[in-house]
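Undergrad: Sequence:
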Amino acid sequence: MEQKELDGKVWEVSGFVFENEDQAKLAKKEVEGIQYIHDNMNMDNPQMVQEIYQRIMAQELFHTPIGYAYLKELQDYLKGLPGVDASEIPGIPVKDMGLDLDHVAGKEKSGEHQNENADKNSEEKQETKLQKRCRILLSVNIVLVIIIIAMFAISLTSGSTTILNYETKIINKYEEWEQELDEREAALDALEKQN
1 MEQKELDGKV WEVSGFVFEN EDQAKLAKKE VEGIQYIHDN MNMDNPQMVQ
51 EIYQRIMAQE LFHTPIGYAY LKELQDYLKG LPGVDASEIP GIPVKDMGLD
101 LDHVAGKEKS GEHQNENADK NSEEKQETKL QKRCRILLSV NIVLVIIIIA
151 MFAISLTSGS TTILNYETKI INKYEEWEQE LDEREAALDA LEKQN
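With the first letter of the sequence shown counted as 1, position 118 gets the number 118 in the UniProt record's numbering; the numbers rise by one all the way through.
Treat each hint with caution, since some may be false.
[What the hints assert, rightly or not] Cut-off 30 Å, straight-line C-alpha distance, at most; resulting in silico cross-link-like pairs (DSS-like, lysine-lysine):
id, residue 1, residue 2
1, Lys95, Lys72
2, Lys120, Lys132
3, Lys25, Lys72
4, Lys28, Lys132
5, Lys9, Lys28
6, Lys79, Lys95
7, Lys95, Lys9
8, Lys29, Lys79
9, Lys72, Lys29
10, Lys79, Lys28
No lab work stands behind these hints: they were computed from the structure.
Produce the entire structure from the sequences given, and follow the hints as far as they go.
TA: Right under this line is the structure:
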């Protein structure tokens with residue numbers, strides 16, 4: 001059996017190891033109460049034992065495995081006595097102490113139960129990863145859209161040549177050169193005719 005240990009401390013009471021100091025203190029109080037009841041109760045008187053058992057049940061005095069074990073001991077004792085009707089002996093209500101009931105019952109967690117927990121954890125991790133990726137992609141897309149809008153704004157407002165109007169500007173320059181050449185040729189032809 002594995003013992004719970006925190007900073008080298010083990011909270012053990014009457015052979016039971018508890019998860020924390022508060023549970024151990026409660027168990028010690030129950031051990032003292034059990035000892036008091038045991039010392040003052042006449043086990044030879046079945047009516048007295050049954051009355052004490054029913055009072056303990058009504059007042060819900062025990063909350064730890066030690067108390068439940070004592071109640072079970074009394075219950076078994078009463079059921080074993082001749083002349084005592086077993087239907088008059090109430091069952092022991094067990095309150096949840098935050099313990100793993102499979103482990104308390106002596107059962108190991110099944111691989112299926114562990115796999116379910118592992119699957120849930122991995123699904124949660126994948127979901128958080130996907131959420132992070134979505135946020136990052138959304139941020140990148142927003143930045144890219146802003147950059148594209150800025151590029152269009154710059155190209156529309158600037159007076160410098162861009163790739164879009166290079167062809168027309170080059171054609172216009174060639175036409176201007178052609179006109180200048182034609183004018184010079186015409187001027188040269190006119191000079192030659194005069195000479």
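Undergrad: Please go over all the hints and tell whether each is borne out by the structure.
TA: Quick rundown of the hints versus the structure:
The hinted pair formed by lysine 95 and lysine 72 meets the criterion: a straight-line CA distance of about 15 Å does not exceed 30 Å. Restraint check for lysine 120 and lysine 132: the C-alpha separation of about 18 Å stays at or below 30 Å, so the hint holds. This hinted pair checks out: lysine 25 and lysine 72 have alpha carbons roughly 21 Å apart, not beyond 30 Å. A distance of roughly 50 Å separates the Cα atoms of lysine 28 and lysine 132; the hinted pair therefore is violated under the 30 Å criterion.
Of the pairs offered as hints, the one joining lysine 9 and lysine 28 holds, with about 16 Å between alpha carbons and a cut-off of 30 Å not exceeded. For the given pair, lysine 79 sits about 23 Å from lysine 95 by alpha-carbon distance, which is consistent with the 30 Å threshold. Using a Cα cut-off of 30 Å, the hinted pair lysine 95 and lysine 9 holds, with the two alpha carbons roughly 26 Å apart. Of the supplied pair hints, the one linking lysine 29 and lysine 79 holds, its CA atoms being roughly 27 Å apart against a limit of 30 Å.
Between lysine 72 and lysine 29 the alpha-carbon distance is near 18 Å, which keeps this suggested pair within the 30 Å criterion. Between lysine 79 and lysine 28, the direct Cα distance comes to roughly 27 Å. Compliance with the 30 Å bound is thereby established for this hinted pair.
Checked against the numbered hints above, the structure breaks only hint 4 and satisfies the rest.
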